[in-house]
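Model the full structure from these sequences, guided by the hints.
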Amino acid sequence: MGHNYLKSIGVGVAAGAATAAGIIAGRKVATTAKISQGHPAKHRMLDVSSNLLQPKYPLDAMSTYLNGFHFYADDMGRQVEATHFCIHLRHDLHQCVIFDSNEPDARLIGIEYIISQERFRDLPEDEKRLWHSHHYEVKSGALVAPGVPELAEHSYFEDLVTTYGKTFHTWQYDKEDFPYGIPQLMMGFTDDGQADEELFQTRDRRLGISTSDKRNNRADIPNPAVLAGANAWETGQSVQMRIEQVEFTRPSARQGGN
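By the numbering used here, the letter at position 69 of the sequence shown is numbered 69, and the numbering carries on one by one without gaps.
Because the hints were derived from the structure by calculation, they are not lab data. Since this is a predicted model, take the numbers as computed values, not measurements. Take the hints with a grain of salt, since some may be wrong.
Unchecked claim - Listed next, the in silico SDA-like pairs over lysine to any residue satisfying Cα-Cα at most 25 Å (straight line):
id : residue 1 : residue 2
1  : Lys-166   : Ser-116
2  : Lys-128   : Gly-236
3  : Lys-139   : Arg-129
4  : Lys-139   : Glu-197
5  : Lys-175   : Asp-105
6  : Lys-56    : Pro-104
7  : Lys-128   : Lys-139
8  : Lys-175   : Asp-75
9  : Lys-56    : Ile-87
As the list claims (entries may be wrong) - FRET-style restraints, in silico, Cβ to Cβ:
id : residue 1 : residue 2 : range
10 : Asp-60    : Asp-191   : 34 to 44 Å
11 : Ser-155   : Arg-250   : 51 to 61 Å
12 : Asp-60    : Tyr-180   : 23 to 33 Å
13 : Phe-248   : Pro-104   : 36 to 46 Å
14 : Glu-127   : Glu-176   : 25 to 35 Å
15 : Tyr-57    : Glu-127   : 28 to 38 Å
16 : Leu-93    : Asn-223   : 16 to 26 Å
Note that the Cβ used here is the ideal one computed from N, Cα and C, for glycine as well.
Structure (structure tokens):
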């Protein structure tokens with residue numbers, strides 16, 4: 001009886017997993033079909049087939065969903081919401097893709113690399129100017145992990161509070177309805193009074209959270225000292241990407257060029 005009981009549990013678990021997988025696959029097909037509406041038939045067929053049959057390991061590994069805000073490194077008045085999907089690639093490095101929302105038709109707007117304070121400390125001085133600290137984003141409640149239980153979120157941010165991020169947005173969606181232009185360096189808030197409160201209120205209503213509650217719940221997280229070189233804009237000078245005309249270099253004959 002015990003063997004049969006365990007066997008039946010195993011069958012039940014397998015069936016449940018299969019059902020869940022079927023539901024997820026069904027949702028993926030439905031989502032893909034919805035996004036593909038209006039596309040040529042051959043594109044819709046490719047979208048649905050690839051969604052079901054092609055493994056996408058790097059995307060599947062990006063299991064952490066974070067929501068926060070960035071501003072352009074040379075203009076704090078331009079503030080945008082950023083939805084991150086990240087993987088903790090190794091002990092001192094996270095990598096994230098950034099969208100304008102967590103909807104099926106979200107626009108891909110940028111990338112962010114997140115490193116430990118130890119790794120940041122060893123960066124060249126010129127490189128440090130590209131990075132921002134996360135101490136205020138975490139402590140203020142500006143950065144959240146929607147849907148994650150409070151205890152787990154708190155534990156995650158205890159580690160993230162000491163990290164540094166380098167972020168480039170490839171779509172200036174606050175100005176353009178198309179990804180024109182070149183990547184733009186972004187920064188994070190470092191103190192009260194910098195952020196547009198209406199952005200936070202809109203985000204909080206949509207996600208069903210409270211930034212102020214998050215802030216109160218994280219009061220016990222130690223506030224780290226920010227290492228010199230980060231948040232370069234605080235000096236009154238910043239860096240930003242620009243297009244520059246340069247000479248094109250062709251391979252030499254020794255390198256196998258023609």
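Tell me the hint numbers this structure goes against, listed in increasing order.
Violated hints: none at all, because every hint is consistent with the structure.
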